[in-house]
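A.B. asks: Based on the sequences and whatever the hints tell you, model everything.
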Amino acid sequence: DQQVKQNSPSLSVQEGRISILNCDYTNSMFDYFLWYKKYPAEGPTFLISISSIKDKNEDGRFTVFLNKSAKHLSLHIVPSQPGDSAVYFCAANYGGSQGNLIFGKGTKLSVKP
Amino acid sequence: DTGVSQDPRHKITKRGQNVTFRCDPISEHNRLYWYRQTLGQGPEFLTYFQNEAQLEKSRLLSDRFSAERPKGSFSTLEIQRTEQGDSAMYLCASSFSRDPTSPLHFGNGTRLTVT
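Respectively, the protein sequence lines represent chains A and B. All residue numbers for the first sequence refer to the working numbering, where the first residue is 43 and numbers rise by one. All residue numbers for the second sequence refer to the working numbering, where the first residue is 161 and numbers rise by one.
There could be a bad hint or two in this list.
Said to hold, decoys possible - Derived CB-CB ranges, DEER-like:
#1 Ala213(B) x Tyr136(A): 17 to 27 angstroms
#2 Glu228(B) x Arg59(A): 23 to 33 angstroms
#3 Ser226(B) x Ser116(A): 38 to 48 angstroms
#4 Ser262(B) x Gly102(A): 12 to 22 angstroms
#5 Glu228(B) x Gly58(A): 25 to 35 angstroms
#6 Lys150(A) x His170(B): 15 to 25 angstroms
#7 Gln44(A) x Gly245(B): 40 to 50 angstroms
#8 Thr275(B) x Gly102(A): 43 to 53 angstroms
#9 Arg241(B) x Tyr136(A): 30 to 40 angstroms
Unchecked claim - If you want the ones that stay clear, here's a sample from chain B, every Cβ over 10 angstroms from chain A, calculated:
#10 Glu216
#11 Arg224
#12 Lys231
#13 Gln240
#14 Arg241
#15 Pro263
Note that these hints are calculated values from the structure, not bench results. For each residue, glycine too, the CB sits at the ideal point set by N, CA and C.
C.D. replies: Here it is in structure tokens:
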């Protein structure tokens, strides 16, 4: 039973446009959510996070939105750049345990010049 | 910050053999984690240490798997009697426990292929 779901395996957008990556979760105990980016042959790299007490967190071109009632979060990248092309993983945990992150299967983003 | 280092990058072994992987975390990080990632899946938690203490183990970590962090610095993950289903990317990560918002920093992983 997947607790963190990324239902879109891939997404293609034009350079300069907005990329929206979505993530749904089932466990209402989750209180901390993160996005990681992964390039081929590299480990995941932390991108941005959000606590369940917030509904939005912004860092430069990246914004994460959290809708707790819908158990849904999204990552917005504006404007998208070709270097953003990577696999994006949504992850969640609870109880302050930073270790046992539950990851989704990832969404492969392709940003076309 | 030299990042999390994992060795080897690739390992090919025959079924039934034992393998051992090493992870060197970021030096000031006291927490160290092991994850496994198979094709088309996200990373799955295996176990983590705070200093030298192993604090949590996933049920994915069968009896054939053992992890150690004897001096609270580097860690090893050993798989005994490897099976083809063990083929995966094994990722190590580290973080600093005194900062609850400290994200995990991952290494580039060890890719294991069991033939």
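A.B. asks: Could you check the structure against the hints above and give me the numbers of any it violates, in ascending order?
C.D. replies: 2, 5, 7, 10 and 15
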